[in-house]
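So the sequences go chain by chain: A and B. Heads up, the first sequence is in the numbering used here, so the first residue is -5 and it goes up one at a time. Heads up, the second sequence is in the numbering used here, so the first residue is 1233 and it goes up one at a time.
Hint data in this document are derived by calculation from the structure and do not stem from the laboratory. Note that the coordinates shown come from a computational prediction; the quantities given were computed from them, not determined experimentally. Where is the CB? At the ideal position from N, CA and C, for every residue including glycine. A few of these clues could be false.
DMTMM-like mimics (lysine to aspartate or glutamate), calculated; alpha carbons at most 25 Å apart, straight line [stated by the list, open to error]:
1) B:LYS1234 x A:GLU86
2) B:LYS1429 x A:GLU86
3) B:LYS1445 x A:GLU56
4) A:LYS126 x A:GLU86
5) B:LYS1575 x B:GLU1538
Short, incomplete list of chain A residues facing chain B, as computed with Cβ under 8 Å [stated by the list, open to error]:
6) LYS73
7) TYR85
8) GLY99
9) ILE100
10) TYR101
11) GLU169
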Amino acid sequence: MQTEKVITAKNLSKKFGHFVAVDHISFEVNKGEIFGFLGANGAGKTTAMRMLCGLSMPSSGEATVAGFDVYKQTEQIKKNIGYMSQRFSLYEDLTIGENIRFYAGIYGLTDKQIREKSDSLLKELNMQEHKKTLVRELPLGWKQKLAFSIAIVHDPAIVFLDEPTGGVDPITRREFWNLIYEASSNGITVFVTTHYMDEAEYCHRVSIMVDGRIDALGAPASLKKDHAAKTMDEVFLQLARKAVRSE
Amino acid sequence: MKQFLIFVKKEWLHIWRDSRTLFILVWMPIVQIVLYGFALTNEVKNSTIAIFDQSKDAATTAISNEISASRYFKLVKNVHSYKEIEATFKQGKIRMAIVFPNNFSNDLLHSNHAQVQLIADASDPNTANTLTNYASSIISDYQQRLNNEQQLPYAINTQLRMLYNPELKGAYNFVPGVMALVLMLVCAMMTSIAIVKEKEMGTMEVILVSPLKPFLIIIAKTIPYLLVSVLNIASILLLSVYVLGVPITGNLWLLIWESILFTVTSLSVGILISNSAKTQQVAMFTSLMSLFLPTLLFSGFLFPVENMPLPLQVISNIVPAKWYYIIVKAVMIKGLGFSYVWKETLVLVGMTLLLLIISIRKFKTRLA
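I would like the entire structure built from these sequences, with the hints used as guidance.
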């Protein structure tokens, strides 16, 4: 089971004119793994992620997501992934229940499935009484947890999280990561970009992007050993200092 | 299909929750029709006038009575000198003065040539024009009757007949104009804001990652506004028929189909704007500047396009509202059939296709 690959990328590149945003990156992600995708702002994380999500065509290289090709099978890829953007992606003027209904609905869940899913989801988040509350009225931490749960409401093979915990207090971040662990133990692969190096420690494996390349890849413990560093923070700083590209 | 309907339903909820916007969308056409129909009309009713009658004979009395009895004028003052006329004008009490010279009746009967002077407040040139026209026609009416009585052999009668709008009602002009304006605003502005809002909130990204086709997303977002527009068309037509008394002389279905065509044109303009706008404010201002003003100025409903300098006339051709305005006037007011408006219809269809192709292509490249 652990060796089943859900994401493979080989020499994947994206050019915008002369600017090489992503420069021949290669990596593999195992099923059920929590894969941290680190890098400074402008390192090319978002571009790489957009290519994997089928939002953006690669310039060259190969990649498969959930077994589908990113060039030809973007439709199938889209059915098998969940996505949560850095700006939480819920509709503020809809209630919690309506948001769940909408996102479950556009992934083609049946009415019965939607009902069951929203009941179990609300129970897990302890929000049963707030089904009819507008999302606008929720605290930020709640919104983020809700957004994550909704991103996996259709049981995707992989969920992509783009800096999901920006601006959230440490306690809520901890709770958020508990949700991620739970999803991972249910077999959902988690592909997460983050700025917080303490979060990098929570990942099974991380990659660090510098100037569009992947400069380091491995389990946090082995990366720290390789770079003779005590924390992921130090590893990151060592690599990021080499960056030529600025924001 | 089911996903599509869920999307449309969500879009409805957005409109429904934002009750203030909904209120504006539904009431704006009604308020505009009432405003334009009653307040901003070109019609002249009960305009205040003064009469300076130096002759005070049978003919001047008869003309004065006729003028003050007409529904266009209201005699507020009999003055006794030119100075007084000027003073009254300056006080703003009158919009026109009528001056009969000495021996008016005498001149009229014996030399068959009498003069009357109309002095109008031309600071508002349109009204001044209309007023003097009305007054002249009342006076020439009187003269004709006099001629008939005397049976002069070679009297020439000029008879004016106002086609399609015999009472020269302003509403005949404004109803088609307001329809164009409202549809442009509701469809183009509201859709562009709705799409840009999703971009701004970050929800657009998430929807694009979903299996929904981008094209369907756009269509789903426009459907609710299309429905609101149909509601607006209905309320405008009902108001114009039952309140303003402007009948629909042509084929109602033709009118409705042409309106739906124009709605689609406006929606594609909205999608185009949403492609380039990054924030809701930008979308709103772009819509106002590129739609509201040109529609108001170039559609021909406030200012006749034929009177504009040539470059402006050329520009007016790219304003979709101009063509729709021509069509609505032809079908609704003149009662003409499709064979008279097919050219304008073709122009609108062409514009719509072009806009749709550009905006969908732009929408796609944004994703790549």
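A quick look at each hint next to the structure:
1. About 23 Å separates the Cα atoms of LYS1234 (chain B) and GLU86 (chain A), which keeps this hinted pair within 25 Å; it holds.
2. Proposed proximity of LYS1429 (chain B) and GLU86 (chain A) is supported: the alpha carbons are some 11 Å apart, at most 25 Å.
3. Between LYS1445 (chain B) and GLU56 (chain A) the CA atoms are separated by roughly 24 Å; this keeps the pair inside 25 Å, and the hint holds.
4. Proximity of LYS126 (chain A) to GLU86 (chain A) is assessed by CA-CA distance (about 12 Å); at most 25 Å being required, the pair is judged to hold.
5. Distance hint between LYS1575 (chain B) and GLU1538 (chain B) is fulfilled; the C-alpha atoms sit about 19 Å from each other, no more than 25 Å.
6. Annotation: interface hint on LYS73 (chain A) holds; nearest CB of chain B at approximately 5 Å, less than 8 Å.
7. Hint on TYR85 (chain A) holds. Least Cβ distance to chain B is approximately 6 Å, under the 8 Å limit.
8. A least Cβ separation of about 4 Å between GLY99 (chain A) and chain B falls short of the 8 Å threshold, and the interface hint therefore holds.
9. Because the closest C-beta pair between ILE100 (chain A) and chain B is about 5 Å apart, less than 8 Å, the hint holds.
10. Taking 8 Å as the C-beta cut-off, the interface hint given for TYR101 (chain A) holds, the closest approach to chain B being about 6 Å.
11. At its closest, the beta carbon of GLU169 (chain A) sits 22 Å from a beta carbon of chain B; the interface hint therefore is violated under the 8 Å criterion.
Hint compliance for this structure: hint 11 alone is broken.
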